[in-house]
Structures are given as structure tokens and as C-alpha cells.
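Each number in my numbering comes from the position in the sequence shown (counting from 1) with 1493 added on.
To be clear, the hints were calculated from the coordinates, so they are not data collected in a lab. Careful, some of the hints might be misleading.
[As the list claims (entries may be wrong)] Here are the simulated SDA-like pairs of lysine to any residue, each with C-alpha atoms no more than 25 Å apart in a straight line:
#1 LYS1510 with GLN1520
#2 LYS1537 with ARG1526
#3 LYS1510 with ARG1530
#4 LYS1513 with ARG1524
#5 LYS1510 with GLY1529
#6 LYS1506 with LEU1516
#7 LYS1506 with GLN1520
#8 LYS1537 with ARG1524
#9 LYS1510 with MET1521
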Amino acid sequence: MAAFFIGAEYVLKNVSKARKRSLFIQQMNIRERNRGRRLKGQEKLAHTLALCHTIVERVC
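Make a model of the complete structure from these sequences and hints.
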């Protein structure tokens, strides 16, 4: 019976580690997705500024 409890405790520790690992991976995925969105926004802004800059140069 004691071996069963030791085994169950071991399983629970592994489950706990797996949950922590899963949450960590989810957080990393969210961070990476947000980073991609931020970069995409910066690219759009840079593109807009470049277009405005070229228009101003042509007008001048």
C-alpha cells in the first residue's frame, strides 16, 4: 500500500510538472504572437511613413 502512495505521489508530481510546462509553453506562444503583431504594426507604420515621405519629396 505504501508503494502505491509513493507511486501516486510520483504521478501527481509529473502531472504538476506537465501542467507547469504546458502553461509555460502557452505563455511563450502568446508572447511570440504578440511580438509578431507588434512587428507587423511597426512594419505598417514604417510603410505609411515611407509613403508619406516619398509623397512629400515628390511635392517638393
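Hints, verified against the model:
Using a Cα cut-off of 25 Å, the hinted pair LYS1510 and GLN1520 holds, with the two alpha carbons roughly 15 Å apart. A distance of roughly 17 Å separates the Cα atoms of LYS1537 and ARG1526; the hinted pair therefore holds under the 25 Å criterion. Of the pairs offered as hints, the one joining LYS1510 and ARG1530 is violated, with about 30 Å between alpha carbons and a cut-off of 25 Å exceeded. Using a Cα cut-off of 25 Å, the hinted pair LYS1513 and ARG1524 holds, with the two alpha carbons roughly 16 Å apart.
At most 25 Å may separate the alpha-carbon atoms for a hinted pair to count; LYS1510 and GLY1529 exceed this at roughly 28 Å. The suggested pairing of LYS1506 with LEU1516 holds, with an alpha-carbon distance near 15 Å, which does not exceed 25 Å. For the given pair, LYS1506 sits about 21 Å from GLN1520 by alpha-carbon distance, which is consistent with the 25 Å threshold. Taken as a hint, the LYS1537 and ARG1524 pair is honoured in the structure, with Cα atoms around 20 Å apart against an allowance of 25 Å.
A C-alpha spacing of about 16 Å is found between LYS1510 and MET1521, which places the hinted pair at or below 25 Å, so the restraint holds.
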